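**Q** Residues per chain are reported as follows:
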Amino acid sequence: MSSTDQKGHKRDYQIDSENKISRRKFLKLSTIGASITAWTLTMIGLLKFPKPALLPDVSNIFKIGKPEDMPVGTKKIIEDKKVRIVRDGDGIYAVSLICTHLGCIVSKTSKGYQCPCHGSKFNERGDVVAGPAPRGLSWLEVSQLPSGKLVVNAGKKVPAGTKYVV
Amino acid sequence: MKTEKIILISSLILIAVLLAEAYRENINNEWQPFQKLYKKELKKKAIDKKEQKLADNYEIKMRQIVVPELNRVDRCVICHVGIEDPRMVNVPQPIKVHPGDILGDHELEKVGCTVCHDGQGRAVTKKEAHGVSVAFWEKPLMYPPFLESNCVRCHNVESLPELTLVKKGKDLFLRNGCLGCHELRGKGGNLAPELTNISDANIHLKHPVSEELLDRFHHNANIAYIYESVKQPGAQPEITAMPDFNFSEEEILALTVFLKGLSKKEVPISYLAEIQEGKQPETVHGEPLYRKYCVACHGTDAKGGVKNINYIKRTVPELNILAERMFLDEPENANKVSELLKNGVDITKMSPKLDVPKRGRVLAQYRAIRNVIKRGSPAGKADPEGPEPLLHMPSWAKGLSDKDIDSIIAYLLTLYPWEQEETSE
Amino acid sequence: MPLPKSLKEFFENLKELPQTFQKSFIRHDKPTSDRARSQIIFGNSFLHIFSTRIHRYSLKPKFTFGLGVIAASSFIILIVTGVLLMIYYKPSVELAYDSIKDIQFIVPGGRFIRNVHRWATNVMIISVFLHMARVFYTAAYKRTRQFNWVLGIGLLALTLMMSFTGYLLPWDQLAYWAVTIATNIAASFNELTDALNITEYFDPGSLMKILLLGSKEIGEDALIRFYWLHCIILPIVLVMVLAVHIWRVRKDGGLARPDNIKEKELEGIPKDPLSDKTFNYAPEKTYGLMCIVKGESNAVERGPEQTVSSWPHMMIRIAALFMITFTFICVYAYFVDAPLKEMANPVVPENPAKAPWYFLGLQELVSYSAFMGGVGIPTLALLGLALIPYLDKEKQEIGRWLRNKESRRVAWISFGFSAATVIGMLIFTVSFGWLRNWVPNIPQLVITFINPGTVLVTFFVFWSFYCMAKYKSTRMAAIALFTCFLVAFVILTYFATYHRGPNWDFYWLKSQWPVH
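Protein chains in written order, with this note's numbering: chain A, 1 to 166; chain B, 1 to 425; chain C, 1 to 516.
In isolation and in its complexed conformation, chain A is listed as follows:
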């Protein structure tokens, strides 16, 4: 590669001193680059630390039994999972009993559900009919394991009215 000297004449070889300067600059740049990279990697590691790969909670996917154990007309409340399971002619569905206003547990009434904390009322389907709740009670996904057991995923909502057909 050729370059020009101060007088503007072309030269065939690079001058040594030019090399030295660029080598030092290269060293400086690569040092800065390497340490920035190293510290970035360190920061990434430190920032990932607070979120564990597994949360210490009991799984919110739980089994509710075999289809044979839940004939049409079954209605049952599983208290510790805060959910109501119903099986009617169209299928099986699970309604969350957690009030959508501020998280209290609703109770079942003859007309639907009622929340003791701020008086939200829901109908049989879970839609809001009165009170401060912003939306209806969540319907949770019901599915089936390969073993045949029915399982509810309390972490997954489905549109109201979705019923699982066995």
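Hints in this document: simulated from the structure, not taken from any laboratory. All values derive from a computational prediction rather than experimental measurement. Among the hints, a few may not be true.
To be verified - Derived coverage of chain B by chain C (criterion: at least 3 residues anywhere in the stretch with Cβ under 8 Å from a Cβ of chain C; other residues may be distant):
(1) 4-11
(2) 111-124
(3) 201-210
Stated by the list, open to error - Listed below are the simulated EDC-like cross-link pairs for lysine to aspartate or glutamate, each with C-alpha atoms no more than 20 Å apart in a straight line:
(4) 139(B) - 94(C)
(5) 149(A) - 51(B)
(6) 75(A) - 127(A)
(7) 51(A) - 342(C)
(8) 139(B) - 342(C)
(9) 111(A) - 171(B)
(10) 149(A) - 101(B)
(11) 63(A) - 84(B)
(12) 264(B) - 342(C)
(13) 231(B) - 171(B)
(14) 127(B) - 342(C)
(15) 381(B) - 88(A)
(16) 156(A) - 200(B)
(17) 28(A) - 4(B)
(18) 25(A) - 4(B)
(19) 121(A) - 385(B)
(20) 81(A) - 109(B)
(21) 265(B) - 29(C)
(22) 341(C) - 200(B)
(23) 75(A) - 383(B)
(24) 62(C) - 4(B)
(25) 82(A) - 109(B)
(26) 48(A) - 25(B)
(27) 206(B) - 342(C)
(28) 126(B) - 98(C)
(29) 110(B) - 80(A)
(30) 60(C) - 4(B)
(31) 66(A) - 101(B)
(32) 66(A) - 385(B)
(33) 271(C) - 4(B)
(34) 63(A) - 101(B)
(35) 149(A) - 107(B)
(36) 381(B) - 80(A)
(37) 51(A) - 25(B)
(38) 156(A) - 59(B)
(39) 90(C) - 69(B)
Quick reminder that beta carbons are idealized off the backbone N, C-alpha and C, glycines included.
Keeping the supplied structure of chain A fixed, place chains B and C upon it in accordance with the hints.
**A** Just chains B and C now, with coordinates in the frame of chain A:
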């Protein structure tokens, strides 16, 4: 500049180490390949679109079972992903399905894995989770036949006939006078070490002398120690008063299995089998049993009559007409079936076959009625817009054994008002 | 319609927000002169812990070996990793062990960060000891630096206490039995008070133990107290004392250095281009008076002499040392896991139940007498160390490693003397036992005061006084005593680590230990 070079080199080394650690944790870990294998199998075995979708959506991620009542967190399912999937039969370990039928009665979410199998539940690599010859983990994975030893954490030896070795070991223990020198749960002699928690003995203090035994029992030092103590009392200490009982190999194994089950009670009372199943054998049968559970709704002499608002039949049904429902039109037939049920005969499977007219229908009705008792039955509404009836038939599968249910049916069959029928004819 | 003036101003301000914010946050431009750099360091709330200029001698690698910086770097690493570990660690007897297992198994980088925390501890302890030795042998505790040396000894004790309180937190067998020993050492005052029959009236031993444990037994209260000490009290005290320690170095005019420094000694260290210049006119000066420290006053008409601007010369060396320390710790952490034994089992003692390595030398002494080995000699040692600058006030050159032949000789002979006496004493006790082996009913008080530990201390003190008389110099006495103790500490630590097995019996090799 020298200082800059130092910074450069140490930065490069640091980058290398951090990347290596990230690789080791996230890419080159043990469990991901197994989950990927499972996902592949899911896709292979998918028979319809629904299963195809489930297979595609299967997430490769860490999993665990948290059982707060047992204070355990079991991450075995990180590698043993197919443990509940009955389709995983012709696949390599660790994604095979759990053998046998155990998971049916032992819900994974309620029980976890380590309470039966031991091992280090919180670990996520095979070596650390199985805990076999891992320093400092004192309860390594149990291998057959010692799984039986852990069943007694919840189950009573007497009520679980499958625990053959534990039972045999217990009999040997009780018949050879061990309690003469060894104390167990507060009773026994004090001439020798107490055995109440022998299964939890510290492996540094109670360690076998023979290295071969360690190999034989998968490096479970506690099991090897117990086996050695039974087989060769003079192994340690050399001067001992414990006689050599000259047990056979089978007997020594049975005793070891029994002794391995003696440990500190870890499970809360609610987990004990008798409480879980509710199947404490009922002490009453027939009428007293009916009075214990049924009479409040179905009335004295099963005449029914308790009001049930908005129920389609208005009151709780009478049950004294059971014989008619079961197509048993003659008193002799009804009594015959009643006697058989009272004596614990399985009328659906008896041989020679049940000798009543319309046997097929009788048996079908019997099964149906039994199912209603076991599974419960919702109460139909009289007015569909009206309120839910307050009473419905609850499910009795947990509280009443099949024998109890049969004894109630037997009782109900005797209640039919044959005299009234005769007079009305 | 033209916008009202104030509204126009508002939008202009909004538009210029990034620049105005930056200018308010960093109130200077990029510096182009040493003076500008000095101003920035001086004016920044974090950077002004550094001096703006530093003497070239202080940057000499073979003078300080950067040990103080390494110790401080590892401390910073410990704080960062420790604060992170606090997110998951649960200071409860039932939950502690499992919480650490979870850190290792399911927290991203958990195993690695825990390892870093553990190995940084060892780096900090070793570098603190070496730093103390460096300061001693370069006589940097003299003149105005006497109290700073005392603060340094305080920091040594605090470092050891920090490490020890952290040792208990995993609640495994190692932790539990180490604390059993430590709290009984605290209670070992009883050895004295019992022998004098005054325990009824004066029982500092039991009081100390109860204060440490919050109860008579080691349990939840002990864990919480050690957690409290480890995470709150000791770090706060340590940081405060460290701040004063560094502050005093600055007020003493920077790191100690000799009065006459030859240019040859400063070869390879950056030089200020103006250092040889003579200033004829005041405005030519590149430096100004920023603060008052001890040292020679700024000379009129002379250049900045042998100082250079801290930025970049000192900063970059500190950065390099931090990098080396951090990289070393990380490499070690990648390959070696921090230990975690079985869960604490109060019924089954570890055998041998060993203290953390830096206390093993003491544990050897404790095996002769609990009080002397655990309380008496350590207190004497710390006191002795702290008093060095007050007992040796000889005027001498500071800032050089054992300059003259005599002091070197004294150091080497002390090394040999100490090694010989310590090893000899160990051989003696292993082979023949001690007083109680020969005279079974000997009163405990005799053993408390006449045991291998006290005998060695007596030897060292005599040797030190001998040197003092021979060379008519307190510095020689100090060199002799300090060297003896340092060597004894190292040998005893080594011995207790590798040659003491179950029941604290002597073994040549670990493979000879009776298994189980």
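**Q** Between residue 51(A) and residue 342(C), does the CA-CA distance stay at or below 20 Å?
**A** Violated, at roughly 27 Å.
**Q** Check the hint pairing residue 48(A) with residue 25(B) against an upper bound of 20 Å on the C-alpha distance.
**A** holds, 12 Å
**Q** Starting from residue 139(B), check that the Cα of residue 94(C) is at most 20 Å away, please.
**A** Distance ~18 Å between residue 139(B) and residue 94(C) Cα, so the pair holds.
**Q** Mind checking the alpha carbons of residue 63(A) and residue 84(B) for me, to see if they're no more than 20 Å apart?
**A** holds, 12 Å
**Q** Does the alpha-carbon distance linking residue 206(B) and residue 342(C) stay inside the 20 Å limit?
**A** Judged against 20 Å, a Cα distance of about 15 Å means the pair holds.
**Q** Given the hinted pair residue 149(A) and residue 51(B), is their Cα-Cα distance within 20 Å?
**A** holds, 15 Å
**Q** Does the structure keep residue 381(B) and residue 80(A) at a Cα separation of 20 Å or less?
**A** violated, 28 Å
**Q** Hey, residue 90(C) versus residue 69(B), does the alpha-carbon distance stay inside 20 Å?
**A** Holds - the C-alpha atoms of residue 69(B) and residue 90(C) are around 19 Å apart, at most 20 Å.
**Q** Does residue 200(B) lie within 20 Å of residue 156(A) when you go C-alpha to C-alpha?
**A** This hinted pair is violated, its Cα atoms lying about 43 Å apart.
**Q** Next pair to validate is residue 28(A) with residue 4(B); report whether the Cα-Cα distance is within 20 Å.
**A** Between residue 28(A) and residue 4(B) the Cα gap is close to 7 Å, so the pair holds against 20 Å.
**Q** Are the Cα positions of residue 149(A) and residue 107(B) separated by 20 Å at most?
**A** Answer holds: residue 149(A) to residue 107(B) is near 11 Å, not above 20 Å.
**Q** Regarding the pair residue 126(B) and residue 98(C), is the alpha-carbon distance no greater than 20 Å?
**A** Measuring from Cα to Cα gives roughly 18 Å; hence the hint holds.
Checked against the numbered hints above, the structure breaks hints 7, 9, 16, 21, 32 and 36 and satisfies the rest.
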